[in-house]
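So the sequences go chain by chain: D and H. Start counting the first sequence at 1; every next residue gets the next number (our numbering). Start counting the second sequence at 1001; every next residue gets the next number (our numbering).
In case anyone wonders, no lab produced these hints; they're calculated from the structure. Think of the CB as a built atom: it goes at the ideal place given N, C-alpha and C, for glycine as much as any other residue. None of the hints are false.
Listed next, the stretches of chain H that the computed footprint assigns to chain D, with coverage defined by at least 3 CB atoms under 8 angstroms from CB atoms of chain D: (1) 1121 to 1132; (2) 1135 to 1141.
Here are the computed lysine-lysine pairs in the DSBU-like style, where the Cα-Cα straight-line distance is at most 35 angstroms: (3) 1116(H) - 126(D); (4) 1116(H) - 216(D); (5) 1116(H) - 171(D); (6) 1116(H) - 200(D); (7) 144(D) - 216(D).
Listed here are the chains, written in short residue letters.
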Amino acid sequence: MEEAPIVSMQDVRKRFGGLDVLCGLDLEVSRGQKRVLIGPSGAGKSTVLRILMTLEDIESGAIRIDGEYLWMPDGEGKTTKAKGEALRRIRGKVGMVFQHFNLFPHMNVLRNVCEAPIHVLGLSRKSVEERALDLLDRVGLGDKASAYPAHLSGGQKQRVAIARALVMQPKVMLFDEITSALDPELVGEVLGVLKDVALKTDITMLIVTHEIGFAKEIADRVAYVDAGRILEDETPERLLRNPQHERTKKFLKTVLTT
Amino acid sequence: MIFDWRFTLEITPMLLRAFLVTVEATLVGMAIALVAGLVWAILRRSRRRLLTGAASTLIEFVRSTPLLIQIYFIFFVLPEFGLQFAPLTTGFIALGLHYSAYTAEVYRAGIEGVPKGQWEAAVALNMGRYRMWRSVILPQALPPAIPALGNYLVAMFKDTPMLAAITVMELLQTAKLIGAQSFRYLEPLTMTGVLFLLVSLLSSQFIRRLELRFAVRP
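Please model the entire structure based on the sequences and the hints provided.
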């Protein structure tokens, strides 16, 4: 028997102002899968992640995360968002790393990582700090625990942000163009950490990126998003080598030649 | 008329006692203004329309009416509805409420200065409203607000003589009384001015120190 997908989005529609950002998007991600979303900017890739992180609302559609409805349709075209306890529970299963890091500038690195597990999960400071230092070691920042974000490079900030999300032990991790704001020479260190997480954990990962080569390396499946829909959804080899749609071909041609 | 130093020395204890009342009114009033203003500012960000509306209306109303009328209203009108306060307590409430409308605006500017990404990071870490405000938003919103809050502290200090209108024996009222009894206004009023000046200057210094102390680390 096939296991139920950990993330399932059905016919999701989302508008920003007068603009349709998602036009009936369907997406299923199975447990432990590393799924990469690619596509032209404005296609709605980031919006998919932000909706799953509960940062954006939707107009219609159904969204389930780990079996629970984040958005439950009523069968008459309307859909309602989970509230209160249920919303908090669903949120607890998801973690996100942002393009612009969004570290807390008034906290040092260790506190950035420890604040939520201590106060949100209610774990003891000692055990959290141990785990945080472990994680910081893993992302290569064991010696930066007491530094403030302003004193870190972009790549270091992003690695802290990854540790901060991981320490919450989410089931699903969302990575929203996490190398796009970095200087080119810093991209590698962040992707290295991401790869390490992908290979060594069974966390489900949804990754929006423009690094096609990287996608090929770690993705189980790559989805090509265009104009608010998933146009193709394949293993990386097949999608990259043999795209079916004209638009996919065109997109791949532009990103691969630059 | 020459400045009589002996007379000045004689009235100083009385002026200093009155001065304590002035300081007390300022400190308690400011404490109320700091807390209430923060409450209004946070209510204004609430998702409940009713709360946002109530807070906005209150702020607008308080800011658009003179402090003296508010003082009179609390002192003379509220007792008709069964709410009676001693003069000094009335002063605390009136000053605190009046200035809370201004501190609320200061807080609001500080809160709006916190980047959107900070709120989103807090949501992504599953923080509840309290934790978000406490750990993420306020520590970033408050330090930039300190200079403006300090200015209102000094402004409130200088507004305390209005409490004379409801018989609070603060500094100015006492100076006037001394003048009326001794027919010498030069010394008590000069001393009053000097005391206000001294404290205002010292407060400005203190606020500058606070600013440095709470500056967000680079």
